[in-house]
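These protein sequence lines map, in sequence, to chains A and B.
Going by numbering that gives the first Met the number 0, the first sequence opens with residue 0, and the numbers climb by one from there.
Going by numbering that gives the first Met the number 0, the second sequence opens with residue 0, and the numbers climb by one from there.
Among the hints, erroneous ones may be present.
[Unchecked claim] Now the stretches of chain A that chain B is said to cover, found in silico as 3 or more residues with beta-carbon under 8 Å:
#	segment
1	38–49
2	84–97
3	110–119
4	149–162
Calculated directly from the structure, the hints in this document are not laboratory data.
For glycine and all other residues, C-beta sits at the position ideal for the given N, C-alpha and C.
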Amino acid sequence: MDYQLIILIAMLAMFVLGVIKLKLPAGVSLMLAGVVGALVGGEGLPLRHLVEGAFGFFEPILIIAVGMIFMELLKSRGVLASISVGSLKAFHRFPTLLIIALAVFVMFPGTMTGLATMSILTTGALALPLLIAMGMPKLSAGSLVVMLSVCGEVAPPICVPAMIIGGGVDMPYIGLAKPLFLASFPIAIILSLVYRFKYLGRVDLDEITRKLEFGEEKLQSRLDFIPLVFVIVYMVGETMLHGYFIHLGIPLIFAIGILMIVGISIFTGGGVSIFKVSGAGMKKAMPVMAILAGVGIFLEILTLTGVRGYLTVNALFLPDALKYSIAMMMPFLGSAYGSASIIGVPLLYVFIGKNELVVTSGLVLMASLGDLMPPPSLLCSYAAQMLKEKNHFKILRRSLWPIIFALIFGLLILIFATQIANIIL
Amino acid sequence: MTLEKKHISAAIILIAAAVISIITGRQFLAKHYPETFYPSPGLTRTGKLSDYFSGLQGTENDSRVYFFEGEEEGSTVLLLGGTHPNEAASGLVAVLVLENVEVTVGRLIVIPRANRSGFTVNDPMEAHPQYYSIPTPNGERRFKYGSRLTSPLDQWPDPLVYSHRPSGQRLSGFETRNLNRAYPGRPDGSLTEKTAYGIVQLIKKENVNVAFDLHEAAPEIPIINAIVYHEKAEEVALNAIFELEMEGISVSPELSPSNFHGLSHREWGDYTDVYPFLMETSNPIQGRLRGETSAELIVEGVSPEYRMALESGALQIAYKETGEPIERRVARHVTCFRRVIEAYNQLGNKPVILENLPEYEDILQNGVGAYIVAGK
Numbered sequence: 000m001d002y003q004l005i006i007l008i009a010m011l012a013m014f015v016l017g018v019i020k021l022k023l024p025a026g027v028s029l030m031l032a033g034v035v036g037a038l039v040g041g042e043g044l045p046l047r048h049l050v051e052g053a054f055g056f057f058e059p060i061l062i063i064a065v066g067m068i069f070m071e072l073l074k075s076r077g078v079l080a081s082i083s084v085g086s087l088k089a090f091h092r093f094p095t096l097l098i099i100a101l102a103v104f105v106m107f108p109g110t111m112t113g114l115a116t117m118s119i120l121t122t123g124a125l126a127l128p129l130l131i132a133m134g135m136p137k138l139s140a141g142s143l144v145v146m147l148s149v150c151g152e153v154a155p156p157i158c159v160p161a162m163i164i165g166g167g168v169d170m171p172y173i174g175l176a177k178p179l180f181l182a183s184f185p186i187a188i189i190l191s192l193v194y195r196f197k198y199l200g201r202v203d204l205d206e207i208t209r210k211l212e213f214g215e216e217k218l219q220s221r222l223d224f225i226p227l228v229f230v231i232v233y234m235v236g237e238t239m240l241h242g243y244f245i246h247l248g249i250p251l252i253f254a255i256g257i258l259m260i261v262g263i264s265i266f267t268g269g270g271v272s273i274f275k276v277s278g279a280g281m282k283k284a285m286p287v288m289a290i291l292a293g294v295g296i297f298l299e300i301l302t303l304t305g306v307r308g309y310l311t312v313n314a315l316f317l318p319d320a321l322k323y324s325i326a327m328m329m330p331f332l333g334s335a336y337g338s339a340s341i342i343g344v345p346l347l348y349v350f351i352g353k354n355e356l357v358v359t360s361g362l363v364l365m366a367s368l369g370d371l372m373p374p375p376s377l378l379c380s381y382a383a384q385m386l387k388e389k390n391h392f393k394i395l396r397r398s399l400w401p402i403i404f405a406l407i408f409g410l411l412i413l414i415f416a417t418q419i420a421n422i423i424l
Numbered sequence: 000m001t002l003e004k005k006h007i008s009a010a011i012i013l014i015a016a017a018v019i020s021i022i023t024g025r026q027f028l029a030k031h032y033p034e035t036f037y038p039s040p041g042l043t044r045t046g047k048l049s050d051y052f053s054g055l056q057g058t059e060n061d062s063r064v065y066f067f068e069g070e071e072e073g074s075t076v077l078l079l080g081g082t083h084p085n086e087a088a089s090g091l092v093a094v095l096v097l098e099n100v101e102v103t104v105g106r107l108i109v110i111p112r113a114n115r116s117g118f119t120v121n122d123p124m125e126a127h128p129q130y131y132s133i134p135t136p137n138g139e140r141r142f143k144y145g146s147r148l149t150s151p152l153d154q155w156p157d158p159l160v161y162s163h164r165p166s167g168q169r170l171s172g173f174e175t176r177n178l179n180r181a182y183p184g185r186p187d188g189s190l191t192e193k194t195a196y197g198i199v200q201l202i203k204k205e206n207v208n209v210a211f212d213l214h215e216a217a218p219e220i221p222i223i224n225a226i227v228y229h230e231k232a233e234e235v236a237l238n239a240i241f242e243l244e245m246e247g248i249s250v251s252p253e254l255s256p257s258n259f260h261g262l263s264h265r266e267w268g269d270y271t272d273v274y275p276f277l278m279e280t281s282n283p284i285q286g287r288l289r290g291e292t293s294a295e296l297i298v299e300g301v302s303p304e305y306r307m308a309l310e311s312g313a314l315q316i317a318y319k320e321t322g323e324p325i326e327r328r329v330a331r332h333v334t335c336f337r338r339v340i341e342a343y344n345q346l347g348n349k350p351v352i353l354e355n356l357p358e359y360e361d362i363l364q365n366g367v368g369a370y371i372v373a374g375k
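In isolation and in its complexed conformation, chain A is listed as follows (with noise of 0.2 Å):
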């Protein structure tokens, strides 16, 4: 056998030891399967590389930490819930129209900033609540929203794993809107209308609105909604029109909006507990936070030793057939950003000969799959927070059929990548 084999069962194992047995975080888990594979690999206790793989996924765990803060703070304020009224009192004579125009919410700040994680954590959690009074089972509103915010990462303007793979091969990020806008609208159009017609009936509006309109969370001001407006207009405003908007970053946009809200529930009264409210954002999101460090050690242990290499050059000894199941493989990288990188840019180079710019939409749609997938399953962690879920794994579990077919979507954009590209390009 291998060493690399057996240095990556060892990390494998250690994995399954320290979740099963051992009832350790997921986080913690992936740290230790570091340690392991350092020490099989020969590499002692390499203290360095465990400390810069840690800081792999820094930045989206900042972004974690204060989104899920202001997100907590706008639902104290009772934001979430008046939004979600809003939106029904709106539509609810046509619960397909709406619903498509839910998708299309949720989608939204995910196709502005190339992250899933954005439209979970805003449209996202407004859409939640929406979807359950209206008759769609906690888990299949959770399945349908994290599969809406894939679809938004993977859709045009911006689509960051795009990038990462264009960067990878000097490809510019032109000429990719149509095959991206194919490899994501036509899944969540067809996904929102399976689930409306599946689960949800006639809209009852008064008694779904009595079903939001819970006491604690009501709209305590107006103004309340300043600061949300300002994180959406900011964080889109940053990306499309970077020449009016001072470059601060999605962590400081979404610090400023919790200083919004402090300042506006002191204007307006009705108060807000920033101590409290930020302890429970931050125990929410610790798990979270935890697990991509882990990843990143995980990730920086399987390059040091060679397992990362070896598994994607013994990928290309696989016939025509395999190479597209390696591709199927991207979403179980745990991540659309290290999937693409990882994964997506050697795909490219094996799938030469295919038009690049559909063959990248195809690689780009099974990588994001990644972010829903464990080990982090970040977007399912994220819904199941919101829907006080404990096992996120349920809301995956829900979630499959959905993957299977945006996976054979993806897996069929590489197919006929070249025909695709004659006809859209």
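With the hints as your guide, set chain B onto chain A.
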């Protein structure tokens, strides 16, 4: 107050974190100390990038600029190393030239560490070594191995999308810290853009005629073992490549794409009068197919995984069965650099004559260490 189990666990974790922080913090901090170079006797003066753009003063990227001026007037050549500090041969060639060259006609300007900030960090999840060593007759000399990008400690946070100015071209956000996506640069931009702006100002103020930006790339990248040139420098490039082919050194000619912005070979040519050339060699440690990641891989360039990939025939890979050792990569760069200047001279331009630089075979036979000063 009695200590609960959770308090004891928390204390242990905090102490462990503090110990790890101290140990690794020292390692990270050590990368901020500047490297020492030993210029040849031909050095006439030194300057700094801030001499050309004061906005760089006091920043990590106020890189040192070395001047080698001949007694006879001629053209001016700029040699840039370390644009991407994870491309070892780039910085090493600049040091080799710096420590050997004698200029008799014209001028040579060398910036061995174009993006000094990138030399102070490594890319997370790439598991790169912090240093690599080159054996010399008088002992080993250690060089920093860094990140492709400006350190986030000097420029942070990244935008989600990097919009290049003035073209408006969009790239993924981290490319905002890539010096070779920042040209022509901006005086009021990020540190990377300011650095690019400073280099372009140097090219303008020093009336540089020919400029080189040295690089390396992963073996699976299509543009490799190549000279990328701006259209106005095509004749010089093709003549040089013809000479190199005659010597048995295969070099791929690559015309700079007019719609790919921010790169030296495009923007130097568009925004200044210089003839720009970017050169690439094949460096396995940068590739995604590499095996174990170590300092030896930088120097010896041997990766069994790349050999397997080569044998698979699935990819176009610039990797020889014996590996891609630093000697060959440095020898390629030095020889390409020399042949381009010779081609430029032969086309009737004011000449630049550089002496005391080793030939291709010399470097292969004697090693890079024979042409650099041992570390002190």
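Right, here's what the structure says about each hint:
no. : hint    : verdict
1   : 38–49   : holds (count 5)
2   : 84–97   : violated (count 0)
3   : 110–119 : holds (count 3)
4   : 149–162 : holds (count 3)
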